[in-house]
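Novice: What follows is the residue order along each chain.
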Amino acid sequence: MTEVVGAIGVPHTPAFPVMVENGAPLAGELRQLYGELAARLDRLRPDVLIYFTSDHYNTFFESSLPIFAIGVAESASGPADYTELAQYTVPIASGLAQRLQDQLVRRGFDIGKSQEFQVDHPITIPLHFLRPAMDIPIVPVFINAFVRPLPTAARCLALGRAIGEALRGDDEFARAVAVATGSFSLEVGGPRMNDTSHIGVPDPDWVARILELLRSADAERLVAEATEERIEGAGNAGGEILDWIAMLGALGARAPDYLEVQWDFGHAYAAWS
Amino acid sequence: MSIYAVNKLCYRVVHDPALREALERDPGSALRSFEPPLSEAQVTAVIGGDVGALSKMGADHFLLHQLARFHLFGLDFGSYAERIRAARAPVS
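Protein chains in written order, with this note's numbering: chain A, 279 to 551; chain B, 997 to 1088.
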């Protein structure tokens, strides 16, 4: 039986590694936030990470686009979209990934799989800070959060729950940690950018509401409120909340014991242990 | 011709250094030999760094901003943001 013993919610802003290396004004805060998550992840002693992520037009493209997919290769390298950043080879729990894809299809989830792919910054940036040794295999679960139409929040919660169930029927690993990465409200390169950069946070109220619902462990309410309209209003990367919702499905109804927000980026750092 | 060609161009810009070099060296030729083909209006907008026009044509903004990230067609994040805002501002 593989138990989901905890979860981590983590941002993946591509500028963060360089900001930390160069001692930018935000460097200390970033070290502290990622450091806290790294320590908590370490204490959870995971054998495998179930990594809910959204490809940013790198692993997949509109030429062929799965709504849900699992990466089942032995390993994957990247970030393919930021070759100037530290490059990593991320180990993948290939056997488990294959079995999960198989189990999910049998349970009614039409989830694709990829045998050969590169990873992008939403996978490598968090791991760069949390586990640069890359010594814990991951199962990458890709949820389409960018190309409309997006999957519904209810479907993502159900997907996470089905993954949790399938894990409980698998014997390869004992301890899994679910990871979700992404912002709650973020516009990249679109008309809702702020006045000083190419990003913006169009709906800070939605960020505050998500924090509230995470604290109250109310995934059902979050799903009810994460409507297509609300996600659309949250920016062109607002769909990344779907990764968090799927993660909550795999984890079960629990409140986080660590939750910190960075309002300027519309994202949060969270841990469930 | 759909906006897919412009989106594909932006995607390839991220992943293909040789294409980036070709676009810097001879943008007209690189764009007119691109597959899938861009319309002449799309070629003109791309060469002019007219991301506002491309935005109005329906280009994906997440992909479009990659042109500014790689400083193609005279763009940087400042000019990019200015042009997108100007193009998408509500008409009073």
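Calculated directly from the structure, the hints in this document are not laboratory data.
For every residue, glycine included, the Cβ atom is placed at its ideal position computed from N, Cα and C.
Keep in mind that the hints are not guaranteed to be accurate.
Distance windows between CB atoms, simulated [said to hold, decoys possible]:
1. N300(A) / T1040(B): 37 to 43 Å
2. E394(A) / D1022(B): 48 to 54 Å
3. E506(A) / S1075(B): 21 to 27 Å
4. A411(A) / Y1000(B): 37 to 43 Å
5. D1022(B) / A533(A): 41 to 47 Å
6. S353(A) / P1033(B): 33 to 39 Å
7. D413(A) / I999(B): 18 to 24 Å
8. F1066(B) / P410(A): 34 to 40 Å
9. E507(A) / F1066(B): 48 to 54 Å
10. P1013(B) / E538(A): 19 to 25 Å
11. Y1000(B) / D496(A): 21 to 27 Å
12. F1066(B) / A411(A): 17 to 23 Å
13. D449(A) / S1035(B): 52 to 58 Å
14. R323(A) / F1066(B): 22 to 28 Å
Novice: Now look at each hint and say whether the structure bears it out.
Specialist: To see whether the hints hold, each was checked on the structure:
Against the hinted window of 37 to 43 Å, the Cβ-Cβ separation of N300(A) and T1040(B) comes to about 39 Å, which satisfies the hint. The hinted window of 48 to 54 Å between E394(A) and D1022(B) is violated, with their beta carbons roughly 33 Å apart. One distance hint, 21 to 27 Å for the beta-carbon pair E506(A) and S1075(B), is violated here, with the actual separation near 33 Å. The supplied range of 37 to 43 Å is met by A411(A) and Y1000(B), whose beta-carbon atoms lie about 41 Å from each other.
The beta-carbon spacing between D1022(B) and A533(A), approximately 58 Å, falls outside the hinted interval of 41 to 47 Å. A beta carbon spacing of about 37 Å between S353(A) and P1033(B) agrees with the range 33 to 39 Å that was offered as a hint. At about 43 Å, the beta-carbon gap between D413(A) and I999(B) misses the expected band of 18 to 24 Å. The beta-carbon spacing between F1066(B) and P410(A), approximately 27 Å, falls outside the hinted interval of 34 to 40 Å.
A hinted range of 48 to 54 Å for the beta carbons of E507(A) and F1066(B) is inconsistent with their spacing of about 33 Å. Between P1013(B) and E538(A) the beta carbon distance is about 38 Å. The supplied range of 19 to 25 Å is therefore violated. Distance hint check for Y1000(B) and D496(A): the Cβ-Cβ separation is about 40 Å, which falls outside the suggested range of 21 to 27 Å. Separation of F1066(B) from A411(A) is about 31 Å and departs from the stated range, judged on CB atoms against 17 to 23 Å.
Taking 52 to 58 Å as the suggested C-beta distance range, the pair D449(A) and S1035(B) conforms, at roughly 56 Å. Taking 22 to 28 Å as the suggested C-beta distance range, the pair R323(A) and F1066(B) does not conform, at roughly 42 Å.
Violated hints for the displayed structure, listed by number in ascending order: 2, 3, 5, 7, 8, 9, 10, 11, 12 and 14.
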